[in-house]
Amino acid sequence: DAKTTQPTSMDCAEGRAANLPCNHSTISGNEYVYWYRQIHSQGPQYIIHGLKNNETNEMASLIITEDRKSSTLILPHATLRDTAVYYCIVRHDKAAGNKLTFGGGTRVLVK
Amino acid sequence: GAGVSQSPSNKVTEKGKDVELRCDPISGHTALYWYRQSLGQGLEFLIYFQGNSAPDKSGLPSDRFSAERTGGSVSTLTIQRTQQEDSAVYLCASSSRIGVNSPLHFGNGTRLTVT
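Here the protein sequences come in this chain order: A and B. So the number in this note's numbering is just where the residue sits in the first sequence, counting from 1, plus 28. So the number in this note's numbering is just where the residue sits in the second sequence, counting from 1, plus 2.
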C-alpha cells in the first residue's frame, strides 16, 4: 500500500473548519484515499473516501489534489466531539481482501 | 440501522485459558475482518472472510489464534492458551462486499485483559 504522512497532532478551534492534511506521494491510479477517525474507547469510524474527485458527505469534505499526491479532510464546523485520532489511508485494490492498513494518524484536539 | 456488534465488550482471563470473542456483522455484509489494537498502538490486521472463500489468515500472530465464520454471518475469534501479550482490543469490521470502493464498518471491540 502507498504510505501516508500525517501530522502527529493538531489543535482546532471549536466552531471553525478543521483542515487535516495527508501526503500520499506514491499513490497509484487505482488506489482510493480513505479517512477514518477513532474516538477514545471506540472502534474506528468511517468518514469518507475518494479516488480523484472531491467528495462531500454529512460528516466532512475530502479534497484531493489533481496529481493525487495529497489530500485534505475538512470538518466544516469542528465541535468538541470531533476530538479523535484521524487516519488517512490509501487502500490498494490488490491488497488481500482490500484490507485497510492503518498508520499513526493525527491526534486532533478541538478546544 | 444496526452496526457491527461485538461481545463481550470486556473480558478478563487468566494466562493459559482459552477465550472466544464474537462478532455480529452488519446484516447482508459479505466481508468480515478482525483487527487488534494493543494499548497505544495502531490497528493490526488479523484475518478476513469473504463469502464462502477460504479466509485470509495472513495476519494471525500465532497458531494459538483461529477464527471461523458460520453461515456467512457471525464470526468467532478464538485464542487458545492466552498469554499476557494477547491483551488488546479486538476489533471486528464488515463491508458489503470485497472491493476497494466498499468501506469497512467497525464495531467497538472487545477489550481483552490477560492476567
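It should be emphasised that the hints constitute simulated quantities derived from the structure, not laboratory data. Since we're looking at a predicted model, the values are computed, not measured. C-beta: ideal position from N, C-alpha, C; glycine also. Don't take each hint at face value.
As the list claims (entries may be wrong) - Covered stretches of chain B, going by a simulated chain A footprint (3 or more residues, C-beta under 8 angstroms):
no. : region
1   : 40 to 49
2   : 94 to 107
Said to hold, decoys possible - Here are a few chain A residues that face chain B, going by a calculated C-beta distance under 8 angstroms:
no. : residue
3   : D39
4   : C40
5   : P49
6   : Q70
7   : R119
8   : K127
9   : G131
Unchecked claim - Straight line, CA to CA, 20 angstroms or less: simulated EDC-like cross-link-like pairs of lysine to aspartate or glutamate:
no. : chain 1 : residue 1 : chain 2 : residue 2
10  : B       : K59       : A       : D121
11  : B       : K19       : B       : E87
12  : A       : K31       : A       : D110
13  : A       : K31       : A       : E86
14  : B       : K19       : B       : D65
15  : A       : K31       : B       : E46
A quick look at each hint next to the structure:
no., hint, verdict
1, 40 to 49, "holds (count 3)"
2, 94 to 107, "holds (count 9)"
3, D39, "20 angstroms, violated"
4, C40, "22 angstroms, violated"
5, P49, "19 angstroms, violated"
6, Q70, "5 angstroms, holds"
7, R119, "5 angstroms, holds"
8, K127, "5 angstroms, holds"
9, G131, "7 angstroms, holds"
10, B:K59 / A:D121, "18 angstroms, holds"
11, B:K19 / B:E87, "13 angstroms, holds"
12, A:K31 / A:D110, "25 angstroms, violated"
13, A:K31 / A:E86, "27 angstroms, violated"
14, B:K19 / B:D65, "15 angstroms, holds"
15, A:K31 / B:E46, "16 angstroms, holds"
The structure shown violates the earlier hints numbered 3, 4, 5, 12 and 13.
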